[in-house]
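S.K.: Now for the letters of each chain:
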Amino acid sequence: MSAETTQPPDLIQPVLTGLRERFGDAIREVSGHRGEVTIELDTARLVEVATWLRDDPAAAFTHLSDLSGTDYPKRPDRLCVDYHLYSREHNVRLRLKVRVTVEDPHVPTVTGVWPTANWHEREVYDFFGVRFDGHPNLVRILMPEDWKGHPQRKDYPLGGVDVDYIDAHVPPPDTRRYKGGWTST
Amino acid sequence: MSDLESAQQEAPERDRPTQSQLVQEAIVRPGEAHDLPAPSAAERVSVNERRAQQVLAIGGGDWAEVSARAHAEGDDDLMVINMGPQHPSTHGVLRLVVTLRGEEVTSLQPVVGYLHTGIEKSIEYRTWVQGVTFVTRMDYLSPIFNETAYCLAVEKLLGIEAPPRAQALRVLMMELNRVSSHLVWLATTGLELGALSIMLYGFREREEILDIVEEVTGLRMNHAWVRPAGVSQDLPDGTEEHVRAFIGDMRDKIDEYETLLTNNPIWLERTRGIGVLSTEQLVGLGITGPMLRAGGIAHDLRKAEPYCGYEQYDFEVPTADTSDVYARYQIRIAEMRESLKIIEQVLDAMPSGPVMLSDPKVGWPAKLALGPDGLGNSPAHVQHIMGESMEALIHHFKMVTEGIKVPEGEVYVTVESPRGELGYHVVSDGSNLPYRVHVRDPSFVNLQTVPVMMNGLLVADVIAALSSTDPVLGGVDR
Chain H
454 MSAETTQPPD LIQPVLTGLR ERFGDAIREV SGHRGEVTIE LDTARLVEVA
504 TWLRDDPAAA FTHLSDLSGT DYPKRPDRLC VDYHLYSREH NVRLRLKVRV
554 TVEDPHVPTV TGVWPTANWH EREVYDFFGV RFDGHPNLVR ILMPEDWKGH
604 PQRKDYPLGG VDVDYIDAHV PPPDTRRYKG GWTST
Chain G
2 MSDLESAQQE APERDRPTQS QLVQEAIVRP GEAHDLPAPS AAERVSVNER
52 RAQQVLAIGG GDWAEVSARA HAEGDDDLMV INMGPQHPST HGVLRLVVTL
102 RGEEVTSLQP VVGYLHTGIE KSIEYRTWVQ GVTFVTRMDY LSPIFNETAY
152 CLAVEKLLGI EAPPRAQALR VLMMELNRVS SHLVWLATTG LELGALSIML
202 YGFREREEIL DIVEEVTGLR MNHAWVRPAG VSQDLPDGTE EHVRAFIGDM
252 RDKIDEYETL LTNNPIWLER TRGIGVLSTE QLVGLGITGP MLRAGGIAHD
302 LRKAEPYCGY EQYDFEVPTA DTSDVYARYQ IRIAEMRESL KIIEQVLDAM
352 PSGPVMLSDP KVGWPAKLAL GPDGLGNSPA HVQHIMGESM EALIHHFKMV
402 TEGIKVPEGE VYVTVESPRG ELGYHVVSDG SNLPYRVHVR DPSFVNLQTV
452 PVMMNGLLVA DVIAALSSTD PVLGGVDR
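Top line first, the protein sequences correspond to chains H and G.
Going by the working numbering, the first sequence opens with residue 454, and the numbers climb by one from there.
Going by the working numbering, the second sequence opens with residue 2, and the numbers climb by one from there.
Simulated from the structure, these hints should not be mistaken for lab results.
Keep in mind that the hints are not guaranteed to be accurate.
As the list claims (entries may be wrong) - Per the computed footprint, the stretches of chain G lying under chain H, defined by three or more beta-carbons under 8 Å from a beta-carbon of chain H, are:
1) 120–129
2) 149–160
To be verified - Anything over 10 Å on all C-beta distances counts as not near chain H; from chain G, calculated:
3) I82
4) H88
5) V113
6) D253
7) G285
8) G287
9) S353
10) E422
11) N433
12) R437
13) R441
The C-beta atom is built at its ideal place from N, Cα and C for all residues, glycine as well.
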């Protein structure tokens, strides 16, 4: 853990110790930044670790705050899913992270551990194309159901989608110029 | 006979199919419904007449699935109803696919996404400061919370803190915003349950808050007033008195709402025991905010993880234990009173000093002022950069066009919005544009309780139960 971590160690340390003891081989990396602790996990062991984190009294991460996706196209395992956990009992936060490739974007679902993950996982599937294995209803949630592609991947342009009702092509804003009609530079 | 009447008589009776014939046709030939031949130039009819001939076949997706399932159960009494997306009781463009047996709801499925505008993606193409103008538009009833949470996240990445006066101003505006948001909740819920006066009262008082907010930020909504490293401008003269007068009035007004509702037999009948959620459901579904506190869990991020100096203020976290619509009503009323308490304390202990960090690397260079044509750079600042200092001009230009650079890293920052935990997961790659901004909107999460709450309810109670989650679809769909 880096020196700049300001999280009180007496709160998060027992969790880290417990995790290392039980799931040492599942932990790829532990990092601290601005007082937040991130644990990168082996995708296959995610549910096991998540269940322990929820149930063990030393952790008691009963609240899945948020689940979000990020795309890092420069990495081989470019799709990243973050689980932001919060323990009301110990008033401490922890972030779990798993990374998968675009070719094999399979992550086990955590809806069995935290039911709130249901819509979050649908959102990450919708925008990043991560398949959450075992999810009860993995369909798009915010984009139209017949949408092609996953809009929040970095190689998906902003705009640049045909707007059929005015029979026009709207280029991405960073290349957009108005010359009596939208044109691209 | 007037000209008008004769003109009407002379107009030939058009051979137009009746509504039921159109519906019948749509059922018989669903695939052809969209393929009506375009009228040729010769037979071009007016737009209105063409619309009258068009048949909209409703189908596709989950609709087909749900109605097929209802039919497969072989229960002829089951009826599948689409409530929304334009139904006035759904607080925005929310669609509920409701399966009914008579008046009783057997299942309910919320469908969201109709208001998706790609805000999270758009932010990645703008500078860090411009991001504020996007996030304020998400949950449009609590814009100050969106702005503050985003700015706190950016500040955490930068490793800075806004000056004390800016923090206090943020708290002041957030609590005013909390009251106005709860007022909209009260007003719309009252309207939906037939308490029309409360609708008028709620919007009347909200208008007073919006007047104050307009005085401070220049706008009623979409303020972009909170900025990374501070706030865009200080309180104008006279606002403090304005706010104090409002607090005094508002206390009486809340009493008035309570005399109308709290012991009103109709209100009690419509809200008590409706939409109950157990503690396991609340925790498992990640519910936060007034809904969680109505279920007896006294969790408030302002107390648990104080930000913007909330630890200095004395306020209670109200809880209830029945976890029904009535409990959520009680919590929101109590929270409005607590917010007024906080606002008063903020005004009493308002620190002096700047409202924006003076560090030239992050602070916005211009002082803004309200001029004849709206909010803009103050005349003194324009004089300084245009007439006095070339360096100041270059600096202004760099800050406004290129913006600040934020060191690499990622943070997750939360604030207690009127609807619960509003979380911002912000990732920076070290450039002047955000790499990723993901918003955990409390409405998005709380809306997941709707199917759970609804089973076995009567269709009229669906409105009450849905309304008690206080969804804002601008935040849900982002």
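S.K.: Now look at each hint and say whether the structure bears it out.
M.R.: Comparing the hints with the structure gives:
no.: 1; hint: 120–129; verdict: holds (count 5)
no.: 2; hint: 149–160; verdict: holds (count 3)
no.: 3; hint: I82; verdict: holds (20 Å)
no.: 4; hint: H88; verdict: holds (20 Å)
no.: 5; hint: V113; verdict: violated (6 Å)
no.: 6; hint: D253; verdict: holds (36 Å)
no.: 7; hint: G285; verdict: violated (4 Å)
no.: 8; hint: G287; verdict: violated (3 Å)
no.: 9; hint: S353; verdict: holds (29 Å)
no.: 10; hint: E422; verdict: violated (6 Å)
no.: 11; hint: N433; verdict: holds (13 Å)
no.: 12; hint: R437; verdict: violated (5 Å)
no.: 13; hint: R441; verdict: violated (4 Å)
The structure does not agree with the numbered hints 5, 7, 8, 10, 12 and 13 stated previously, though it agrees with the rest.
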